[in-house]
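Asks: Please work from the sequences and hints to get the whole structure.
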Amino acid sequence: MSRDGASGAVTEHGGRLAAARLLFPGAPEPFLDLSTGINPRPYHLPRFPADAFTRLPEPEALWELQTIAAAAYGAASPEMVAAAPGTQILISLLPNLLPWRDVAVLGPTYAEHALAWQAAGARVTVAESLEALAGHEVAVLCNPNNPDGRRHGRDALAGLAGRVRLLVVDESFADFEGPERNAAPLLPRPDLLVLRSFGKSYGLAGLRLGFALAEPALAARLRAALGPWAVSGPALAVGIPALRDRNWLMEAARRCAVDALRLDMLLAQAGFRILGGTSLFRLASHEAAPEWFARLGQAGILVRQFRDPAAWLRFGLPGDEAGWARLEAALRG
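Those letters in the sequence shown? Residues 1 to 333, by the UniProt record's numbering.
Since the hints were derived computationally from the structure, they do not count as laboratory data.
This structure is a prediction, so every number in the text was calculated from the model and none was measured.
Quick reminder that beta carbons are idealized off the backbone N, C-alpha and C, glycines included.
The reader is advised that the hints may include incorrect statements.
Simulated restraints on C-beta separations [stated by the list, open to error]:
1. R55 x R165: 20 to 30 Å
2. P241 x P25: 34 to 44 Å
3. A224 x L17: 17 to 27 Å
4. A270 x A224: 47 to 57 Å
5. M265 x A50: 39 to 49 Å
6. P216 x G162: 40 to 50 Å
7. D320 x A71: 43 to 53 Å
8. P28 x R163: 46 to 56 Å
9. P190 x P28: 50 to 60 Å
Replies: Shown next as structure tokens:
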């Protein structure tokens with residue numbers, strides 16, 4: 001990868017440490033990666049049974065995962081759940097299973113939604129409000145939104161779903177939000193599909209585990225398209241106990257909320273304006289954001305840069321006091 005390629009890579013997605021090392025070759029190691037919205041304190045990994053790696057996963061284990069996921073996310077039945085190796089593959093797969101090609105995405109948001117529908121031949125409109133989504137065949141939104149944390153109540157989502165053929169609600173960052181906004185309790189209805197991410201709140205993005213929640217017929221189509229053994233043995237071995245462990249999730253939500261407030265204070269002291277976010281990331285604005293991105297990178301700290309608006313930077317949470325100290329020192333300069 002060239003230096004120009006690395007510069008583009010770090011504005012495409014978070015977590016691009018190889019590209020960051022090309023951009024900032026003299027930066028101290030290890031890099032402090034604050035460019036994602038992933039919990040820096042991951043769920044504890046169990047002792048894996050040997051056959052988690054040596055045998056194909058059993059269908060009964062996948063059904064158990066679907067059952068627990070339905071309960072965790074508020075769906076009435078495991079038949080409404082399609083488990084996948086990450087939410088991204090569901091985003092990419094869904095447009096190819098549906099006939100509709102008039103799509104509106106509530107922006108600015110996670111870019112892969114629009115890209116997936118465009119790749120399937122859809123005409124994609126970027127809308128600025130819920131009202132502007134109505135009347136299109138497919139409406140897509142993130143709740144809470146990435147990167148600004150905009151949130152929409154369940155009643156508003158129910159009303160919007162009735163005005164489109166399908167409403168796709170990406171709840172990848174919803175685990176720490178509380179259940180009152182979750183859209184899954186509105187199911188089963190044919191005009192709603194909900195996406196959930198496991199790796200972000202549980203800090204295990206590399207495990208690759210995500211879910212779609214939909215009325216049973218659409219969920220079954222997704223499962224068929226994913227094929228057998230879509231979820232790996234290790235992902236089943238972690239996901240089943242983790243989704244059962246509600247006490248861990250509540251404590252993780254509490255700690256991240258405290259850390260998000262701490263991050264807001266640090267950024268405000270450095271002259272940033274907090275625009276929003278969730279308890280896993282904060283979106284901030286500064287007229288010198290490109291210079292701050294470079295300054296932090298030279299200090300071995302990667303944050304999420306944006307091409308447009310160029311004044312935006314997104315900050316994840318440090319995972320320990322050493323990380324907080326590095327960030328504070330870099331912001332003070």
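Asks: Hints first: check each against the structure and report whether it holds.
Replies: Results for each hint:
1. Taken as a hint, the range 20 to 30 Å is violated for the pair R55 and R165, whose Cβ atoms sit roughly 41 Å apart.
2. Taken as a hint, the range 34 to 44 Å holds for the pair P241 and P25, whose Cβ atoms sit roughly 42 Å apart.
3. Remark: the range hint 17 to 27 Å for A224 to L17 is contradicted by a beta-carbon distance near 36 Å.
4. Checking the proposed 47 to 57 Å range against A270 and A224 shows it holds: the Cβ atoms sit about 51 Å from each other.
5. Between M265 and A50 the beta carbons are some 47 Å apart, a value that agrees with the proposed interval 39 to 49 Å.
6. The given range of 40 to 50 Å is broken by P216 and G162, whose C-beta atoms sit roughly 20 Å from each other.
7. At about 32 Å, the CB distance of D320 to A71 disagrees with the hint of 43 to 53 Å.
8. Remark: the range hint 46 to 56 Å for P28 to R163 is upheld by a beta-carbon distance near 52 Å.
9. Taking 50 to 60 Å as the suggested C-beta distance range, the pair P190 and P28 conforms, at roughly 54 Å.
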